Amino acid sequence: MTSATGNPVGQLPETSTAPLLAVRDLTVAYGGDLDAPTVSGVSFTVNPGETVAIVGESGSGKSTVVNAILKLLDSHVAVRGNVDFDGRETLRLREGEFRKLRGRHIGFVPQDPTASLNPVRRIDRQIFEAYQISGLPEYAERRAYHQHAVDLLESVGILDPERALLSYPHQLSGGQLQRILIGIAIAQQPRLIVADEPTSALDVTIQKTILDLLDRLKGENGLSVLLITHDLSLASERSDKVVVLRTGEIQEYGSSTEVLHHPTSDYTRELIGDVPSLNLNKFTATKQLRSGSTADQPALTVTDVHKTFGRGEHRTEALKGVSFSIESGRTHALVGESGSGKSTLARIILRLLDPDAGQVLVGGQDVANLARRELREARRNLQLLYQNPFTSLDPTYKVARLIEEPLVRYQVGTRAERREKVSELLGVVGLDDSFLRRRARELSGGQRQRVAIARALSLDPKVLVLDEPTSALDVIVQAQILQVLTDLQVELNLSYLFISHDLSVVRQFADTVTVLQRGEAKESGTVEEIFSNPRNDYTRALIDSIPKSIHTPPDVPKVLSSSG
Amino acid sequence: MTFELDRRNLFSLGALFAGSGLLAACAGASGSPSQGTSDVNAQPKAGGEIFYLNAFENAGWAQSQVGSWHALQVWGLFAEYLFYANSKTEIAPHLATGYTHNADFTKFNIGIRKGVTFSNGEKLDAQTVALNLNLVGLGDSSRAIPRVANIPKVYKQATAVSDYEVEVALTDPFPAFIQQLAGSSNAAILAPATIKLPLAEQSDLKNTFATGPWVVESWKAGKEVVLKRRDDYNWPRPDAKHTGPAYLEKITIQQVSQNLLRVGALESGQAQVVHYTQPSAESRLQGEGFKIINAFASGSVWGLHIRVNARNTQDVRVREALNRAIDRQEIINTLYNSGWKVAQGPVNSQTPWAVDLTEHFKYDPARANRLLNEAGWTGRDKDGYRTKDGETLEFIEYPSVFITTSRDDLTLIAQQWKKVGVKLTLKNVDYDNYNTITAVTIKPPVPLYEIHWGADYPTFLWRWWHSGQQNQFGAPDKELDTLLEQVIAAKTDAEVYSLAKKVQQFVIENHYFIPVHEFPQNFSAAGNLKGISTDGYPRIRLYDAWLDA
Amino acid sequence: MVALSTVPRARARLSLPALTLRNAYTLVAALIILVVLAWAIVPGLFTSHSPYAGITREQFQAPSGAHLFGTDQFGRDVFARVVYGTRSAVLTALVAVGIGLFAGSLIGLVAGFFGRAVDAVLGRLIDVLLAIPAFLLAVIVVVSLGFATVNAAIAVGASSVAVFARLIRSEALRVKGLPFVESAYLVGGNKLQVLFGHVLPNTYRSVLALGVLQFGIAIINISALAFLGYGSPPPAADWGLQVANGKDFLYRYPWLVYAPGIVMVLTVLALNQLNKSISKGR
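Chains as they are written, first to last, in my numbering: chain L, 1 to 564; chain A, 1 to 549; chain E, 1 to 282.
The set of hints was computed from the structure by calculation and includes no laboratory data.
In this text the structure is predicted, and so the values were computed from the model without any measurement.
Using N, Cα and C, we set each Cβ at its ideal position, and we do this for glycine too.
Among the clues, some could well be false.
What the hints assert, rightly or not - The calculated label-pair distances, taken between Cβ atoms and stated as ranges, are:
1. Phe196/E <-> Ala416/L: 50 to 58 Å
2. Ala416/L <-> Tyr204/E: 25 to 33 Å
3. Pro44/A <-> Ala53/E: 48 to 56 Å
4. Arg373/L <-> Phe196/E: 44 to 52 Å
Stated by the list, open to error - With a straight-line Cα cutoff of 30 Å, these simulated DSS-like cross-link-like pairs (lysine-lysine) come out:
5. Lys419/A <-> Lys388/A
6. Lys191/E <-> Lys176/E
7. Lys423/A <-> Lys362/A
8. Lys206/A <-> Lys223/A
9. Lys223/A <-> Lys247/E
10. Lys196/A <-> Lys220/A
11. Lys280/E <-> Lys423/A
12. Lys247/E <-> Lys398/L
13. Lys71/L <-> Lys280/E
14. Lys418/A <-> Lys341/A
15. Lys478/A <-> Lys491/A
16. Lys250/A <-> Lys220/A
17. Lys196/A <-> Lys250/A
18. Lys153/A <-> Lys88/A
19. Lys176/E <-> Lys398/L
20. Lys228/A <-> Lys250/A
21. Lys114/A <-> Lys250/A
22. Lys247/E <-> Lys220/A
23. Lys153/A <-> Lys45/A
24. Lys421/L <-> Lys462/L
25. Lys287/L <-> Lys462/L
26. Lys421/L <-> Lys247/E
27. Lys462/L <-> Lys247/E
28. Lys280/E <-> Lys398/L
29. Lys247/E <-> Lys419/A
30. Lys241/A <-> Lys153/A
31. Lys191/E <-> Lys421/L
32. Lys153/A <-> Lys501/A
33. Lys419/A <-> Lys362/A
34. Lys418/A <-> Lys247/E
35. Lys247/E <-> Lys427/A
36. Lys196/A <-> Lys206/A
37. Lys398/L <-> Lys191/E
38. Lys341/A <-> Lys247/E
39. Lys362/A <-> Lys502/A
40. Lys462/L <-> Lys276/E
The following block holds chain L by itself, in its conformation from the complex (with noise of 0.2 Å):
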């Protein structure tokens, strides 16, 4: 594709040295009143050519710069500050003249694919109107619109273009969609593109090939990239410079090399230290001071667990033979992506779901295969801690009672106590007794999640199954509620089943696992073994993904890495 030669912003020669976009003291209020902002006085350039990454958690308003730069804010939100593209003021522009900038010469690309696609049109329509809108005289002709797109799709990497044209939306995956999205983006050449989170919604294995694309179409388009992600690891991978945002404020600004080397600020140093991908070791100083595993049998025994859903040509085979064992008081960890069963097999170790053959042994007992009132009894020794404390929690309930529920719901002891028990868990999971009367909506995600691992701990099970615990959470969280699952198995000799699409985090936090794809057992073993020596080529995919900490941290503090 060729560079966008004359049109009114599209003057300036590569070479020039001058920003293409320039933002300058940005503050967005969205109550109206700029002494209360959201964002505050952000400022940075992204040069032609360059990727910048916008770093920061949920709520530090890097949503909102982007929506600020693209004019997507409601008209009450009040906005100050400057931001130049291409060396033109675009915030005061009317929203007429910047229409023709939006999508023509800045490219957007939204975090879930599926939700920026018409479902009930086809995509050739979808691509052919962005044609259109365009204005391009390349796309002057109809006629030639079948032969640019699949084209298009070629250059995104898209296997069978001429099928991919004729789909709807939902006959894609969501890796397909996000490289449409990506064709549809470049295909108006525009010189600058925004992706924001544009992998957090897809597979690790896809995210990488969506990254390695953006970052290949970069090269060759000249394009400039403003990268919006929570993952330092990934930002400081990508791109050229990096911007840490908190609270709406920017706490460190430069470029990615620098950033990663020399924090200036505590958060980032936060930020660096608890990014599982620059510290893979974090946990191995507390794991090691559990007991040694003295059972002699497993805490939980998988085996040769089938499953199938539907019939006739509808029949998907989720698990074909599964089977792995978790030593007491050690963490096994399920890997694959969506699709790969190893939720399916979750449900099935919790019995929520019936296999149709295998064995689910838990202290002894055969899970899968026993009678309803002996499951309820068996349960008692194996609990889940969901992924999205958001919803695993009764919104309606308070604290005291989501972690009493199940001692209630078993009988355990008397009002008193079970009173004295439930204040004891919160302790453990680190909150105290002023938690006990707030509801679950009160509570930040991280304070959720506490409260849930001390309801699935009321009843003192043996095993926990963690469905991707963490990964509604933030970095910074997210290795506190690791730092505390850790601490409690020490604590406990609790054995936990570990189901991630995060190696990063499995490399940390488990001491075996399992990869599983399309229901088949890859690769089993030990977490060193594993990932020194994948001998299976989806393995070795897998762990590609993780992104390369190049720049190893030097002085992370290892206060962090134990309690604090």
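Since the structure of chain L is already known, use the hints to place chains A and E on it.
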């Protein structure tokens, strides 16, 4: 629907109508200023069209369906009777020329007027009258046409003895047969072509051919009836002020059920006559130059029958207390105007055989309280109502769906009864179920039942109250039955009247009936509609009416 | 362990002016409802006149200091009748909403929670009820039960059963798929415990909002039934009956209709506003 019920229904409606006619007659007799008699100086002009607004309009018009005060007003404009009651409530012949009877009142010979034709061209003669009378007196079970309940059951047969004379034979003596016939609103004379039809087709006004000064041009069920003048009409009643065709060319009768809207239409000139004006609007209308007609039918008193077979109504002391606790003058003062009168007995003061029994039920709360104490109703509940053995002294009443004023009347009575500790509870019922739910035969009986019927002749008292007839008191003393049997057996008016007075006396002294106020048929008319009047039933008379420019 | 920070509260301030305006409406609405409730509970505090005993010499008086809303054809104080009529309006509407809410919740909850055949059967029942216009249904019920205030309440309640059932069914469907419901089973809960311990409480907010809305609708429908003569008979102090009674005098004495009518309209509007506030989460 049972035959009995049907009859009663018919009768109540007919009596309602008839009552209004009588009242009008009486009002006329007593020189009521509301009568349309002040147009003497102007010359009548023919032509013009008027709108007449009815509170309720029939969906079907078989003769058996025209008993209500509402329907009868319309029916009477195009259907005529052998006899009628004039404004002095005297029976006079119309389509008949007169009658004779044998000594023991089992045969009546009626002369028929000559030169009368039905609107379909058929001639009125003895044959057609006999046909009509036999249908009225016997019904036709093969067509499910009921007999008219007001015609005594002793009716045997009518035969034409000559071209213009009909002989009616009875199985047993019934001296007041002609009076009873004249007071029956369902006994108009219709063309043979009409009465030979099946019942369903008779209820279609298209098929109704009669002898009146107007004929039905078109109609819509439950909505309107349009009448046009019959140009060959020339057989008005003897009391008419002119002969030949009527003056008004066209009369459109429409149903407007909202009281307010009828009056509003009159005031704005969209209607020339409205039936049932709100009493509260009367003086205003009068001030604006409209004519107010309050015509009192013979008999018609608004009051409450006490069903003495109902709970807590057997004790005459309780019944008297109910009667004594009503301040009738307050009701008139509050709800009506000076044209309305308190009742003096079961029939109104214009009735020739009326008797003033006011002393027996005069407002006397102290006496009412004493009587109730004596009857053992000495306890009080938390709302101040009397109790005995834990039971509250409460009577339930279903306000009549036919009477636009009864809710207000009853509301005030409830207030007045409360002062002596008696609870009157009103219950709602809709038009279709009213007759069923208040029927004499229903168990348990309702304690109170409203009437405002007309009684052209004392034999109507027998119809209402005899335990073998309508039996409105439920289970009265045998002595009343005996008295009523004497009424129908009596051979002269004087004898009948004196017996009728005894009946009234008995009913009031035993407090079977709570008379409240006399009930007029009430019309309002535009000032430029001259010559409007009412007859003895009272029915509105528009034959002499004309529009003044 | 690392100390945890509390949830950032910055967002609470986001749209302050809009919040305030809405709060103002809500405040006015709440005040109106409070007054109406006070009328219903202690009518005697607001008027010294009797709602039933008329002074016959004081008929049709225009609104004045002595008679705030004037007097009717019996010389009864219209304000007193409106105030005393509040109790029957509120009580019957409460009964109506109670019936609709209880029966509707039960049907909706069971249908949504148990699903399958139960849902298919109850769902069709709900559809059938929804297909009949609510007021028509109420009239049918009241005609078959007989005319009385309680029957009017039952009729109006019955006519709103389907509305509640539909909402609660969909809420139950939504809630039962949430992880915390599954979690409740995992910690030993049985179906009934989960149904009443988790699913029911989580449908309550939307049900409450609908209940408030239906309360207003019930007031209108019950008044409409009374207006048509299907409800309280005279001399009851009843809003609908007052309007029906007053309509005969509308031209000359408009306050007989307007006073109870305006009170009714304000009450219902206030309830609507409260419903909005509740469903928007205040």
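Hints that the structure is at odds with (numbers, increasing): The structure conflicts with hints 1, 4, 11, 12, 23, 26, 27, 30, 40, although it agrees with all the remaining ones.
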